[in-house]
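Using the sequences and the accompanying hints, generate a full structural model.
Here the protein sequences come in this chain order: S and C. In this text, residue positions in the first sequence follow the working numbering: the first is 1, and each later residue adds one. In this text, residue positions in the second sequence follow the working numbering: the first is 1, and each later residue adds one.
Since the hints were derived computationally from the structure, they do not count as laboratory data. Note that this is a predicted model, so its numbers are computed, not measured. In this text, a Cβ means the ideal position worked out from N, Cα and C, and glycines have one as well. Check the hints yourself; a few may be wrong.
Said to hold, decoys possible - Which bits of chain C does chain S cover? Going by a derived footprint, with three or more residues having C-beta under 8 Å, they are:
1. 49-61
2. 150-163
Stated by the list, open to error - Listed next, with one range per pair, are the computed distances between beta-carbon atoms:
3. C:193 x S:35: 48 to 58 Å
4. S:250 x C:115: 51 to 61 Å
5. C:251 x S:286: 46 to 56 Å
6. S:45 x C:184: 42 to 52 Å
7. C:37 x S:291: 32 to 42 Å
8. C:254 x S:283: 52 to 62 Å
9. S:286 x C:34: 33 to 43 Å
10. C:37 x S:108: 56 to 66 Å
11. S:11 x C:189: 21 to 31 Å
12. C:205 x S:287: 29 to 39 Å
13. C:256 x S:283: 50 to 60 Å
14. C:249 x S:116: 56 to 66 Å
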Amino acid sequence: MARIVTVFTVRPEIDNVVDEVPANLDVQRKLSLFEKLVANAAARRIMLLVCLAVIWELYALHVDNPLLFPRFSETLVALWEALVHGPLLERMASSLRILLVGYAIGITLAGVLVTLAVSTAIGQDLLTSLTAMFNPLPAIALLPLAMLWFGLGQGSLVFVIVHSVLWAVALNALTGFTSVNETLRMSGQNYGLRGARYVMLILIPAALPSIISGLKIGWAFAWRTLIAAELVFGATSRSGGLGWFIYENRNQLETPSVFAGLFVVIIIGLLVESVIFRFIESRTVRRWGMQR
Amino acid sequence: MLFRVADEFRIAAEPDMSVQALLEVRNLVLQYKTWEHLVTATWNVNFDVQGGDRFVLLGPSGCGKSSILKAVGGFLPPVSGSMKLDGRLITGPGPDRLMVFQEFEQLLPWKNVRENVMFPMRVTRRFPAREIGPRADEVIEKVGLGRFVDAFPHTLSGGMKMRVAIARALAMEPAILLMDEPFAALDALTRRKMQEELLSLWEQTAFTMLFVTHSIEEAILVGSRILVLSPHPGRVRAELDAHQFTLADIEAPGFSALQRRIHDMLFQKPAQER
Chain S
1 MARIVTVFTV RPEIDNVVDE VPANLDVQRK LSLFEKLVAN AAARRIMLLV
51 CLAVIWELYA LHVDNPLLFP RFSETLVALW EALVHGPLLE RMASSLRILL
101 VGYAIGITLA GVLVTLAVST AIGQDLLTSL TAMFNPLPAI ALLPLAMLWF
151 GLGQGSLVFV IVHSVLWAVA LNALTGFTSV NETLRMSGQN YGLRGARYVM
201 LILIPAALPS IISGLKIGWA FAWRTLIAAE LVFGATSRSG GLGWFIYENR
251 NQLETPSVFA GLFVVIIIGL LVESVIFRFI ESRTVRRWGM QR
Chain C
1 MLFRVADEFR IAAEPDMSVQ ALLEVRNLVL QYKTWEHLVT ATWNVNFDVQ
51 GGDRFVLLGP SGCGKSSILK AVGGFLPPVS GSMKLDGRLI TGPGPDRLMV
101 FQEFEQLLPW KNVRENVMFP MRVTRRFPAR EIGPRADEVI EKVGLGRFVD
151 AFPHTLSGGM KMRVAIARAL AMEPAILLMD EPFAALDALT RRKMQEELLS
201 LWEQTAFTML FVTHSIEEAI LVGSRILVLS PHPGRVRAEL DAHQFTLADI
251 EAPGFSALQR RIHDMLFQKP AQER
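If you want it as structure tokens, here you go:
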């Protein structure tokens, strides 16, 4: 067996006087405008959107078939026309009103179910079973049933929206509550907090990242469901939302207006996501370091 | 300085044995359930904590020291035995016994340093509203975080978070401060600094604390009285006095002698079993 020999050399010790920092070294300096723009998420996203719009315009020019694929600029003109002279604003208002009603009812119901679930074992079983059953069920699949129960009015739309919001929000909120860490719970109880005050002052803020992500998912589901439901309704009712606007214009082969309608759907979704929710997040969970 | 105050405290407290203990723990048996087992954490534990004590629960892991602390905090109901604070039976968590946990996540991430310190004072309504702000500022200043009152916990280092947690508990003036290995998650340099600071805080305000640790050195440094526990289940092996040792004595022969004595108590088998 070979003998391992370690050679140990004693090296001289080093004791430095720390170097003087050179006068021209930037220990701290202001960022240039370009560096700031690159660091700003909003600026980056706007630049990206502008690029996409340019690609759209160029491709449409190349295809040169306004009936199938109108140019970006034509869509903008149609959008402007529909907003100023046409019914688009009314349609938007009508869609948003129904959406907000459904969203509010969905969140309220989710709140009730989650409260039950965090306070009793039966409630938790109930909520987990219900979400497991209904979450995968597309809201549109319930539309025929809804029309049977509530007729061809807003009632049916609200019903399917509630369905699409409720389970997503409840599931996320419950996950949030159950994953609040034990130390935080104990320090809350340590101050004698109980019941509603404990939930309000400790559990809800601690679970806020999950709650917000639930609200975001719920919003997206609701919006999607509403437009889809309105498209189905378009043929049979004059409920008059954005989906109906798209349907109507397709029937009249006003393709730029169809694009304008889709555009509005996207813009509203984008605004809510990147303005309202982002604002809420930056003021809460990001500021608190609970989310990056 | 610390030496002197501590001595005076002892001398005042010791001769009069009729003084009622602040915390009386009698025949405490604690059990908890895991998925498969019922574990007896402590068996027949007795001890008294006097006001102004820095009472340390010391033992290897599995001796139930953290369970005792949780029980005193009201989080773990005893199977038998009793715990009395100021003569009143402990039945549940309450703001007269504030816990400082080992984990850094005990601060509310949605509140800044000042709001974190103010939070318990506010929700318990123990102090008039106009006193809360100044009290918080005073205690934050005391733990040396005056420049960080507006900082959110996630921007602080581990040691700073721990200082906030201690400040938050001290501001409430609890009857007893429960510390569950508060410095165990800190690096060695910060830990030493925090031990020093805790002692100087105690010197200024002479609060009572029940301190859990598994480090013999920390027990002697921080503690004025050390309860040595044997493991599985936790039973009282000894109750020792360590009030005379401070950071200055860490090299002293008495210090290492006590350290060795405790070490032997914890790790050597009793004579009859050998």
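Taking the beta carbons of residue 11 of chain S and residue 189 of chain C, is their distance inside 21 to 31 Å?
26 Å, holds
Do three or more residues from the stretch 150-163 of chain C put their C-beta atoms closer than 8 Å to C-beta atoms of chain S?
Holds: 4 residues of the stretch 150-163 of chain C have a Cβ under 8 Å from chain S.
Does the beta carbon distance between residue 45 of chain S and residue 184 of chain C stay inside 42 to 52 Å, or does it fall outside?
44 Å, holds
That 33 to 43 Å hint for residue 286 of chain S and residue 34 of chain C (C-beta), does it hold up?
Given a distance of about 38 Å, which is inside 33 to 43 Å, the answer is holds.
Please check whether residue 249 of chain C and residue 116 of chain S have a Cβ separation lying inside 56 to 66 Å.
With Cβ atoms ~59 Å apart, the hint holds.
Quick check: does the Cβ-Cβ distance between residue 193 of chain C and residue 35 of chain S fall within 48 to 58 Å?
Given about 38 Å between the Cβ atoms, the range is violated.
Does the Cβ pair residue 256 of chain C, residue 283 of chain S satisfy 50 to 60 Å?
55 Å, holds
Between residue 254 of chain C and residue 283 of chain S, is the Cβ distance one that fits in 52 to 62 Å?
Given a distance of about 57 Å, which is inside 52 to 62 Å, the answer is holds.
Using the C-beta atoms of residue 37 of chain C and residue 291 of chain S, is the stated range 32 to 42 Å upheld?
38 Å, holds
Confirm or reject the claim that residue 205 of chain C and residue 287 of chain S have a C-beta distance inside 29 to 39 Å.
33 Å, holds
Do residue 251 of chain C and residue 286 of chain S keep their Cβ atoms within the hinted range of 46 to 56 Å?
49 Å, holds
Residue 37 of chain C paired with residue 108 of chain S, Cβ distance criterion 56 to 66 Å:
44 Å, violated
Of the numbered hints stated above, those contradicted by the structure are hints 1, 3, 10, listed in ascending order.
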